[in-house]
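Since the structure of chain G is already known, use the hints to place chain S on it.
Keeping their order, the protein sequence lines are chains G and S. Take 1 as the starting number for the first sequence in full-length UniProt numbering and just add one per residue. Take 1 as the starting number for the second sequence in full-length UniProt numbering and just add one per residue.
Because the hints were derived from the structure by calculation, they are not lab data. For glycine and all other residues, C-beta sits at the position ideal for the given N, C-alpha and C. None of the hints are false.
Stretch-level coverage of chain S by chain G, calculated; a stretch enters the list once three of its residues show a Cβ under 8 Å from a Cβ in chain G: (1) 25-34; (2) 46-56; (3) 125-138; (4) 145-153; (5) 243-254; (6) 271-285; (7) 291-303.
Chain residues, written in single-letter form:
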Amino acid sequence: MKTNDMNQPVVHAIFIILVALCLFPFVLLIMSSITEESAIVSNGYSFWPSEFSLEAYSYLWMQKAAMFNSYGITVLITVVGTFVGLLISALLAYPLSRRDLPLRGMLSFLVFFTLLFNGGLVPTYLIYTEVFQMKNTLMSLIIPGLLTNGFFILLIRTFFANSIPVQIIESAYIDGASEFKIFYRIVLPLSLPILATIGLMLTINYWNDWFNGLIYITEPRLFSIQNLLNRMLVNIQFLQQNNLGNQQMAVNPPMNSVRMAMAVIGILPLILIYPFFQNYFVKGLTIGAVKG
Amino acid sequence: MPKSIAAQAAVSSASRPSAWAGRLARNRWLYLMVLPGLLYFLVFKYWPMYGIFIAFKDFQPFLGFWDSPFVGLKHFERLFGDPNFVVLFRNTLILAAYNILFFFPLPIIVALMLNELRQELTKRVVQTLVYIPHFMSWVVVVGIAYMFLTTEGGIMNELLARFGGEKINFLVSNEWFRTIVTAEVMWKETGWGTIIFLAALSGVDPQLYEAARMDGANRLRQLWHITLPAIRSTIIILLILRLGHFLDTGFEQIFLMLNAMNREVGEVFDTYVYSVGISQGQYSFSTAVGLFKSIVGLILVVVANNLAKKFGEEGIY
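Bound conformation, chain S alone:
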């Protein structure tokens, strides 16, 4: 339907260009409102995209973007031939998989439980309190984690020692890195993540539950037939967007948790691009790494969105 209307509009506007111009002129104030935001996106988001082409050049700051020599796929060949590439890819994928498996479902579960709370006041108090971890910056969260995990008086190690165990140097350990990173995300973002699901849930008509109860549906059936369908599209949209950022591992957190001892499991694309690009100044190579990451993300979004549509969901575009 919408397509045919758009087609008609196109036809009528093509046949009557003056009417089209008239419509543009009539809305000039609306376009003026769009202008600052549009300029922001064009200048600060789209202009940097033009910088991507240095991935195919040997960018040297004194030569500038245009005059730096063109080298074709050299940087991509170096990336794919580099043994580090496999390590980076593996570390990034595993951390992303941990995130989707262990973190992603948590806000949904907590939101569903919050939805079960019957007293408004209790619900509000709980909500207010579980949002608080989100207010801490990663610098602070990592500082808090330090108090729990350090071998010099950290709470976990004191407990281990008290029960006769060996102290574990969590912060420089390869085995614990992913667990700690995921646990920190769970602590910081679970409560905050419920907001969007609670918003979707609050749109559910209470009469639906009333009717279901009349028909003898127990709580589980209500959950299955009313609550979950109500947030299904929200879950799918967030999952698709999450897939688009599948290889984004949260630079701030990983960067702060990373040290010489756990780099082998902790180095991911984001931190690698930072250290090779910004710190060491290998601009073109790190741009190629970043571009590879962005393209994988874009492909994942398109595939996930098409899958969602195939299963009858709305998708994001």
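The shape of chain G in the complex, shown without the other chains:
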């Protein structure tokens, strides 16, 4: 064991640098959001601002109608999308993990082929808008590209196949349990690690998505928090022109810090729920990991 411990200081030093690299930009973001606007203009962005101010947050608070609306949209699509996505993924993955199921090969191929080939952006957009009439609907924020994908199914299927003993399922079957009962009384409780892992991935994808909003949404009342943020980051004038819908605002907003404050507000909920998922994390992928 002695030789093992000799390289520990080196490895530790590398990781201290690595973690610092990961966190510094995040710290800078928070610091900029509480910097007095004039300090940013004269001294630039800084890890320790010369003047602190909560002006940016109070500005956002004044826009609370639009803010809460966007927050509501984001929370709604995240909760619904994660729940439905997880449900249909698990339901699909379980039969595919049963080696005795006829047509299993063909069904698996149908699912995994979508990893290799897809309709592409424009045909997908046209079918979704022309045939399914999804433009400016909540459905367009939930369904395109996010609900589930072949890779998730592959991970869950492998977990089911490797970590749930066939004997348990068989004995439950002999005892007269129905397939659905076996699924939700035995399979799901034994699979919390992979469900938490995929659940977290779905949550992150939904929370951070702005692509669907970009192409399917033109009405501001359906903007998710990321779409609102994108408008602000891309178009500095957006704030002044629109005042997020509050026309009475006469003062110029503290734009630089407001953008950063908005970004902080956009990230915070994810960072806060993360520890609850974290326990299951590596465990979930251990058994679900792709092995061919």
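Okay, now just chain S, sitting in the frame of chain G:
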């Protein structure tokens, strides 16, 4: 082996159709479970594939998919004859090559180093922290990059100025575009990318290391003979899948980084399809561009997978 079993099954099921039907009926609840997910894939993934054929038509929304005039390979001829095509192809390839060269190995290296950490607690804390950048959307990452790179108070430019250098307008510069894009990906995804390798590593039996030490193998030899073989198939599978998406450059990020000044090096297939297709409404032409990209991806996957199999690896199918 599996083939012969499948063949036998086929033979026996063909000779006894009632048994086959019986097996289907017995599993009806399992098929019911498959149904919602299968419908999702058929309706929302396969149906759009049917829309691809407008690449061979002049699609006009008021005529619909079926009645728009058929034009054969017109859009492909236009694409291959367009001087932009070479630029697009070059930009996409270079960005993809940067990604595979500089980003792809990083999560593997970090995972291997995490594997060297002996205290569980340290390992957990480090893991928790390096995942955090992945939680930021591209909108936020690009906003953070702005704070570092802008000439109006950006950290990098302030540092340059302090040490007597010239300010560089990174965000509108052709020379820096690829470096910045790759660096952003490295920052956002390296930590998260370790997960799948750590998962593969945690499956390694600790007794293997024990035995290797008994036989006098030093750490390097342990790494070479135990650790790397354990994650080799994971690396290969991810590489094959990555090749399938070789021409996908991450639309969200590139789109946000793109501006009038760096378009010459920054415009890639994904952003081009978006601006020509969705913004300008040239549906058929942009579908042809997208189809070309998808087919290249599919060919790359098939070639890579066959190569992997030739070298005795499992491959993805």
